[in-house]
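**Student:** As a plain string of letters, each chain reads:
2 protein chains.
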Amino acid sequence: MRAVVLHSHGGPEVLTIEETSDPAPGPDEVVVDITATALNRADVLQRMGHYPDPRGVVPEIPGMEYSGTVSAIGARVTLWKVGDRVMGIEAGGCYAEKVATHERQVLAVPTAIELVDAAAIPEVFLTAWDALVVQGGLTSGRWALVHAGASGVGTAGMQIASAIGASIAVTCSAAKMEACAALGADLVLERSPHDWQRDLKAAHPNGVDVILDVVGGDEINRNLASIAVNGTIVQVGTMAGATTQVNVGLLMMKRARWIGTTLRGRPLEQKAALARRFSAEMLPLFATGVLKPVVDSIYPFEQIAEAHRHMEANANIGKIVVQIAP
Amino acid sequence: MRAVVLHSHGGPEVLTIEETSDPAPGPDEVVVDITATALNRADVLQRMGHYPDPRGVVPEIPGMEYSGTVSAIGARVTLWKVGDRVMGIEAGGCYAEKVATHERQVLAVPTAIELVDAAAIPEVFLTAWDALVVQGGLTSGRWALVHAGASGVGTAGMQIASAIGASIAVTCSAAKMEACAALGADLVLERSPHDWQRDLKAAHPNGVDVILDVVGGDEINRNLASIAVNGTIVQVGTMAGATTQVNVGLLMMKRARWIGTTLRGRPLEQKAALARRFSAEMLPLFATGVLKPVVDSIYPFEQIAEAHRHMEANANIGKIVVQIAP
Chain F
15 MRAVVLHSHG GPEVLTIEET SDPAPGPDEV VVDITATALN RADVLQRMGH
65 YPDPRGVVPE IPGMEYSGTV SAIGARVTLW KVGDRVMGIE AGGCYAEKVA
115 THERQVLAVP TAIELVDAAA IPEVFLTAWD ALVVQGGLTS GRWALVHAGA
165 SGVGTAGMQI ASAIGASIAV TCSAAKMEAC AALGADLVLE RSPHDWQRDL
215 KAAHPNGVDV ILDVVGGDEI NRNLASIAVN GTIVQVGTMA GATTQVNVGL
265 LMMKRARWIG TTLRGRPLEQ KAALARRFSA EMLPLFATGV LKPVVDSIYP
315 FEQIAEAHRH MEANANIGKI VVQIAP
Chain A
15 MRAVVLHSHG GPEVLTIEET SDPAPGPDEV VVDITATALN RADVLQRMGH
65 YPDPRGVVPE IPGMEYSGTV SAIGARVTLW KVGDRVMGIE AGGCYAEKVA
115 THERQVLAVP TAIELVDAAA IPEVFLTAWD ALVVQGGLTS GRWALVHAGA
165 SGVGTAGMQI ASAIGASIAV TCSAAKMEAC AALGADLVLE RSPHDWQRDL
215 KAAHPNGVDV ILDVVGGDEI NRNLASIAVN GTIVQVGTMA GATTQVNVGL
265 LMMKRARWIG TTLRGRPLEQ KAALARRFSA EMLPLFATGV LKPVVDSIYP
315 FEQIAEAHRH MEANANIGKI VVQIAP
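As they're listed, the protein sequences go chains F and A.
Position in the first sequence (from 1) plus 14 gives the number in the working numbering.
Position in the second sequence (from 1) plus 14 gives the number in the working numbering.
Misleading hints may appear alongside valid ones.
[As the list claims (entries may be wrong)] Per the computed footprint, the stretches of chain A lying under chain F, defined by three or more beta-carbons under 8 Å from a beta-carbon of chain F, are: (1) 250-262; (2) 270-276.
[To be verified] Computed Cβ-Cβ distance ranges for the label pairs, DEER-style: (3) F:G198 x A:V304: 53 to 59 Å; (4) F:A254 x A:E33: 54 to 60 Å; (5) A:D36 x F:G263: 33 to 39 Å.
Hints were generated in silico from the structure; no laboratory data involved.
Built from N, CA and C at the ideal position, the CB exists for glycine as well.
Whole structure, please, built from the sequences with the hints as guidance.
**Tutor:** Next comes the structure, spelled out in structure tokens:
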């Protein structure tokens, strides 16, 4: 198969496609012929050498999600058959024409969704749902705050909150505020250095129940000041800095929870449990059109370096998809 | 009744006893004739003017726990009758001969326990159990770490961990290490500036499942480095400083939870729920002698200022009790 194999780390130019060996399915695995993958911030970090695949797989093929068609199944596989339309998350290996994966991590693609668009679903909807609902405890009637509202996770978070009867505030750049309102945010706040904390406090003096933060850095104390008593902050990234001066007194006064999370490093049983629960609780809403992948752009596989440049320009709204097969 | 009424804030000398009006029970309340109260770090902060009673009650009577005898009951009270031996936590008002409190916050004193010793139970056992078990999720087979092992919360935490089949490591000063081992700690670590983190790592390379921290400050990053993947840190105090430089990347890598908590600021329904659950899960272990209050010393009411000086000297092992009535 053809795949992006990292022989060195650096700028987008290190992303070159070459011929490598096909994966074979283990007894509980399926092989998926990949239609499309999609970009994540972690891919950029991995490309630069800062965030290796935790499995230490050689050769190093990046790519953390896929959509495609099952092309082979292991001897014990019961959930899938050859030809099934599927999608899912991986710790790596999806910048490729094929991937082998445990059958219980795999998600069905609802018939209403085109396979190429389905690549825009797994990482951001699993991340946003796990952070807001599973770990954050977001329910009907409550308010969430999501930073980087126009990002993939932000656009997924807005849809999920609305779908379960919750409300959502988002921060984003001035240029993206209109798009966030159109995508369903109940309250759109201009991001820092604008004083979003003051604007949020004006609307919600008692704070919000759940905060999903991918930014970190100086936003952390603003999160602690903006969370409601007994609320939950879920830290999904630290794009603005991982080490920061924190007012721990606020965490205590609010009797709040602050949870660090990543999907990538989790063991198989946790990923499988999350996939099965997502199948039960979220996939039906894609089937009925309540939830929709938000695709910013689709690049052909050969232009994957260009796709990375687009992500680094921070101009996207929703997911950057890379189509690998027609 | 006689009570300590704070007319000003400052050193132990502001703790003077005077005559003030008796409390009357509301319809769901009982009045307790207090046998003894016990000191908490928060009392020292309140005395200095840094931690007022969140209810803003006037006159300001400190004291956050009591043991005693029910002397009057409100019209709707069903759980208690006059003469019952009881104990409990309050947001304030226990440096006094009487206190009125909602019946569902009140705990029975097991017959095996002397009333004066029972005053050493409520705050530290509720705090340690809530932090380690209810919020931290400590179970049989798992390891906890508790800082300030010889403190009231530390000595309660050791007993609770042992009683539920868990193991516990504690940090304490070199002078208190022997006492902590005798009180049941499974691993005793000399506290900072000694490198306890290295010693703990040698014994538990994968970290501990739950950390109860009353210290904060520089211990916070050591906690994050010492917590196991998917573990929980419960922040019960920040004696060494509330604001500190935190490596949030560790929180994410560990996929850990960091929970801020206080008992004092909680609303009635949460305090009542905790008291009822504690009655079901912990009181039977006092009745059988598995759990025991650890009393450092008992001061007469008239020497309450001296009791405060003793707490500030940090030489106590277990609780400092103040006896109000024979």
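**Student:** Hint by hint, note whether the structure agrees.
**Tutor:** Verification of the hints:
no. : hint                        : verdict
1   : 250-262                     : holds (count 10)
2   : 270-276                     : holds (count 7)
3   : F:G198 x A:V304: 53 to 59 Å : holds, 55 Å
4   : F:A254 x A:E33: 54 to 60 Å  : holds, 58 Å
5   : A:D36 x F:G263: 33 to 39 Å  : holds, 36 Å
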